[in-house]
Structures are given as structure tokens and as C-alpha cells.
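There are 2 protein chains.
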Amino acid sequence: MAEGILIQEKALQGFCEAVLMKLGVPPQDAKVTTDVLILADLRGISSHGVARLQRYVTGLKEGYMKPTDHSTLVRETKATALIDGGQSLGQVVGRKAMEIAITKAKETAVGVVTVRNSNHYGIAGYYALMALEHDLIGMSMTNAAPLVVPTFGRTAVLGTNPIAITAPTSQETPFVFDMATSTVPRGKVEVFNRQGKAMPQGYAVDETGADTTDPARVLNALAKRLGGGLLPLGGAGEEFGGHKGYGLALMVDVLSGVLPGAATGLQVYGDERRPDVGHFFLALDPAAFRPLDEFKRDMDRLARELKDTPKANGQPRIYVAGEKSFAKMAKYRTEGIPLGAKVVENLKQIGEELRVPWPGP
Amino acid sequence: MAEGILIQEKALQGFCEAVLMKLGVPPQDAKVTTDVLILADLRGISSHGVARLQRYVTGLKEGYMKPTDHSTLVRETKATALIDGGQSLGQVVGRKAMEIAITKAKETAVGVVTVRNSNHYGIAGYYALMALEHDLIGMSMTNAAPLVVPTFGRTAVLGTNPIAITAPTSQETPFVFDMATSTVPRGKVEVFNRQGKAMPQGYAVDETGADTTDPARVLNALAKRLGGGLLPLGGAGEEFGGHKGYGLALMVDVLSGVLPGAATGLQVYGDERRPDVGHFFLALDPAAFRPLDEFKRDMDRLARELKDTPKANGQPRIYVAGEKSFAKMAKYRTEGIPLGAKVVENLKQIGEELRVPWPGP
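Going down the list, the protein sequences come from chains A and B. If you read the first sequence in my numbering, its first letter stands for residue 42, the second for the next number, and so on. If you read the second sequence in my numbering, its first letter stands for residue 42, the second for the next number, and so on.
Derived from the structure by calculation, the hints contain no laboratory data. Don't take every hint at face value.
[As the list claims (entries may be wrong)] Selected chain A positions facing chain B (in silico; Cβ < 7 Å):
#	residue
1	T224
2	F330
3	P332
4	L333
5	L395
6	V397
7	W399
[To be verified] Negatives, chain B to chain A, calculated, CB over 12 Å:
#	residue
8	G55
9	K72
10	E103
11	H111
12	A186
13	T207
14	T249
15	R258
16	A264
17	A277
18	K337
19	E346
20	K352
21	Y360
22	N387
23	Q390
The C-beta atom is built at its ideal place from N, Cα and C for all residues, glycine as well.
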């Protein structure tokens, strides 16, 4: 981080909120949108953090992201709901949808809420984490811009379509699992490109569909829409289970795209000026199955069993999903959030343009 | 298949049912158990097919699988249920649980049923497929005997913990996705061992936790409980997303183990004479979100988009999850189900012992 900076969460929060408010976003919605971005930075998913503020600034300016909440409840049953996002900010709609899923789970033990006609909602984990505050199991998925090539294909059709799930514990760190269904995010290919290094095979294919170690070729082909893209979890072909990652990505598009009637595959950003992103949220009450304290006790037991099991030679510890991110949160909340020089430069530019003073170095 | 045979589904079905009935399983339950085994063979998952009949014969003989249905409904809400399997056959309990989930989904749009105190239930896909007959989305997961090593570990703690999900289509093959959360099943390591070949890296680790290409070493270490085991989807470490496969396997143990209060991790078969396997079933009604015909139409559209997209150089086609298995089913139902010589030998032995005539060559 030689060229980067450290900035306090609160200062960064105030800046992002002010930027969004300048673009007509009401204070409460600016806060939610900022919360999701900053949580990504705090949890070490900087690709989805304030580095993406520009994306929202552009969306709001160009009008395909509405500054105020235009979402509507289209259909509802005791356990389910369908929301039309009305092209509002994905974070605002996503939070609202997960809140409904949580309310339903408290009344009916399960709540499933899907969203169509939304925008990029940030990290899937944010919404799944909301369930933990209510001692519920939470789940969240979204489709996204096509970046992932189906097994045996050579054109990106599916998004990195993430799956997030959380479950409460007692003493142990809560189970917080938030994965993209590609082997790596595009950001990882960009890192190799900046460093001028060859990538390992299994990350991406070129425009002919061949597994390649050349990051520049992949990024160039994607940018020019020549083909190529990221490989699903498991890599190329079927030898290492690439068809499984592909199936998971497709599952996410079925649940968050087809189910709410949002766009899917290539159509999610088929009209770039009118994205139609879909989301899926689920909340489930463990207390419908067994006493909550027993559930949490057994979550602890399973986590400890995994962590106490013998380590591979040379490995100091075994993690349970969520632990690394909670450790980063604690560190960054004390020391400040690290931002790369390029990100800072972009944020300063946004601030200058909208007359919001940059609060950091 | 030079040393193997082809056998008609109906003949094999009659044989397995007769074997189970000889061991005290009522006709209807013998049929369900056999259905699940044979569906695995028909769909090309021969590791979970009649090759496993011995496992059930042994379980029934030794008494840790009850021949008659001892399952009980422990708790119930409009949308959820918890079943105690009473150590009955996993297939019998699993089918019953999924039937309840389906009934609930028809009434409440969602049904979630979990099961504790059960046995090995065969392929996860069988239960998810049941939902298709009712135009529902189906999901099924189970924990299993420890075979998979957590990321940075060297002892198998988690099972190959499968995830199956299905969704109805109109003209296209239904979406049927059934994956183990390990890179490969143990059967694949056994194939390399029989052929005396080195495995690709990324399948399994040895007793020190090192990624190994030596199948004999892995199988030996597993058999003698020295450590080692299969790698989660994504392989060793985090470079190719092995922590994602590990997280998915853990998610399955949370939903199918912790949630119903079944055993988890090492405890699933902690007492080999008293397994405590857990399952998770979900049924979801797409018609709660949008008209069914629109849902199916868009499922078709997404499937066609994926299949019509340009292929990688040298690849004749792109598949959607389920297509290969449905093609195998059609072929095997016409030509007969292929069984290896060793499997046939074992089935004949079972037949001789229980005086059930073997109907094949």
C-alpha cells in the first residue's frame, strides 16, 4: 500500500453520503448505499467497495439509477414477495427486500423475496448479514453483467453471480459465506495485468475459448467484445469441476433472474442504459426446527471441530467462512480503511466535480 | 464396458426390490429405495447406483438401518417441518420429507423440511426432481461421511455434501443440477488407482495435507485413517477458489446437519453402527412470483441462449445442467443399464445369499 492511503470509516462514510445526496439521493438511502460500499471495503472485498462509487455516480447522472426509491411490491404471499425495483439504487431496493424476507421469516419461519428491474446491489454478503441481527439464516444472490463463460463456450454469458449465506453462532464468529461463482473476480485478472505477470491457468479463457495465462489478452477481448471471459469455479472444461461452477452461476441466474422476471444472461445489461438486474433473498428461522441456543451451540461445535483439526504441513490455521473478513473489519475500523492511489484519485475527482470536500489525505 | 454387462431397468428394479423385501422392507419402501438407486445409474452417477446395494443390505442386517419406516414428524409450521428419521432408510425418509416440502410449497409457496437421524439417502437429485412433477423449484442437500479436507487442513472432516436444484422449463430439458461440493468423488480417485495412473493435482491431499497425484497413497491414508482426503471444488489452498468449495460443503452441513439437529462433520458417522445423517429439502412455487408459463418460457430462453452461444475451439456443444443425464437416461432405458463386472459379481452374491435369482447375464 506504499502509494495508497488509510482513511477512517466515518470520514469515508460522510464523503460518500454527501456525494450521493448531491445527486438527489435522500439521506437515509445515501446511508444505506454507502453502508454497503464501505462494508465491502471493511471486509476486504475492495473491488465492490468505494472504488465503485463512480459507477453509481454515473448511473444517477445518466438516469438509469433513480435517486429516489421507485420500487413497488408487485405480489405477495405469507412467505414470499416480488418487488419491482423501478430502476432504483440496488442497495436501497436490496435492503428493503431483505427486510421483508426477515419480517416474513419471523412470522412464517421462511421468507423468500425476489427483485426485478434493479441495479447493481454491491456485495451479496451485506443482505445475508442483515439476517444475523435477528438470529436468522440469511441468503442473498444476484445476477450481474456477463463476464463468465459457460463450460465449453468462449463468450461470457453469465455474471460472476454471487451466493451469500449466513448463520448465527454463539461464541464463534458467525458463519458468513460470500462467494462469486467464478474462480476469480475480474479484478484479479487486472492485478496480473498491471504487474505484467502471467496468470495461472484456470482463471480465464481468450476469445477462442482456450484457457490462457495472458491477462492482457483476456481484458482486451472482453473490452472489445471479441469473446473470452472468466472461468467458472473449477476452471476450464469438466476435469476440475468447471461445470459445477457453471451450474452454480446458472442456478443464481434462475433464482435471481428468471424467478422474479428480471433479465438473465446477456440481457441483464443488454441495454446498458437500462439494466434489469435481479436479486434473490431468503431468510429462514432456525428456531422453527430446534431451540435457537441448541442451533448456535452446534454451529460453534462444528466451527471448532474444523479449526481444531490437524493443519496441512506449513499451514498455521484453518478458517471458517467469515473469520478472515471479521478480522479485517476489526483491523480496518481501528487503523483505517486502505484505499489504493487510483481509487483515491477517482474519489477526489468525484468530490471536486460535485463540490464535496475530500476528507482524507 | 468389455467386462461389464447391460441390464434392463425393469429386471434390475425387480431384483433390488426383492433383495430389500427379503430383509423386511415393505414393498412400497423397497420400491422407493430401489428407484433412487436405479435413477442414479440411469443418470450416469453409477457410484450412487446399485453398486451401493451392499451398503443397504449391510445396514439392514446390522440393524442401524430400520427396514420399516420409523420416522416421526417432530415439529411443524405452515412452511417448515422437522422429521426424525428414526434410523430408517434414507430414501424412504427423504422421499417423505420432500413430499411434505412439496405440499407446503403448494399451500404456502415455500416448504422447507429438514431431517435428522437418517441414513445415506442416495443421490440428492432424486428429491429435487420430485418437485418438477409439480412445476415447483426443488432443492435437496445432505451431509455425509467425512471425505473432504477443509482448506489448509489434512484430515477429512466434511462429506462430499451434495447440492441439487431443479427448475421446470417448457420446451427445453428441465434444469437439473446435482453436484458434490468436492472437486471429484472418491470413485474418481479409485479409477486412477485401478489404472495405475497419476491423478491431476487438485483432486486430493495426502496425510500431510499436500496436494498429491498418487491415488494409492490417498486411498491408503483414508482407509487407515492416517489423514488426507478429497479436495473441495476449487482444489488446494485459495488460489483456484478451494475455500469456496469448502464453504459450500460447510453450508450444506449447516443446512442439513446443524439445522435439523443431526450430527455434523466427523460425528455423522462418529459411531459407525449408528449414523446420524441429516438432510435439507426445499420446494418453492415460481407461480408465487410470476405466471408459471412466463417462468418456463424464460427458463427456455436462458437455456437456449447458453447453448447457442459460440463454442470454444474444438468443442461441439455447450450443455445446460441436466441435459447429459437426461440423454443417458433415454439411452440406458432403451439399451439397458451398464454395470461393471465387479458390481454384477457383488449383486449376484447378495442374490445368492438371500435367495433372490439374478435376472441378468
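- request: May I ask you to check that B/K352 keeps its beta-carbon over 12 Å from the closest beta-carbon of chain A?
  value: 6 Å, violated
Distance rule for B/A264, whose beta carbon must clear each one in chain A by more than 12 Å: Its Cβ never comes within 12 Å of chain A, the nearest being 18 Å, so this holds.
message: Holds or violated: the hint that A/V397 contacts chain B, with Cβ atoms closer than 7 Å.
response: 37 Å, violated
field: No chain A beta carbon within 12 Å of B/N387's
entry: Given that every Cβ of chain A is farther than 12 Å from that of B/N387, nearest at about 28 Å, it holds.
message: Over 12 Å from every CB of chain A: does B/A277 meet that, or does the non-interface label fail?
response: 8 Å, violated
Whether B/T249 stays farther than 12 Å from all C-beta atoms of chain A, as the label says: 5 Å, violated
Separation of B/A186 from chain A, once the least beta-carbon distance is taken, above 12 Å: 15 Å, holds
message: Quick check for students: does the CB of B/E103 sit more than 12 Å from each CB in chain A?
response: Holds, because the least Cβ-Cβ distance between B/E103 and chain A comes to about 27 Å, which exceeds 12 Å.
message: At 12 Å, judged by beta carbons, does B/T207 keep clear of chain A as stated?
response: Violated, since 10 Å does not exceed 12 Å.
When the least beta-carbon distance from A/F330 to chain B is tested against 7 Å, hint result: At about 5 Å, which falls below the 7 Å cut-off, the nearest Cβ of chain B leaves the hint on A/F330 intact, so it holds.
12 Å cut-off, C-beta based - B/Q390 kept clear of every residue in chain A: 34 Å, holds
task: Measuring Cβ to Cβ, find out whether B/G55 lies farther than 12 Å from everything in chain A.
output: 34 Å, holds
Hints 3, 4, 5, 6, 7, 13, 14, 17, 18, 19, 20, 21 from the earlier list are contradicted by this structure; the remaining hints agree with it.
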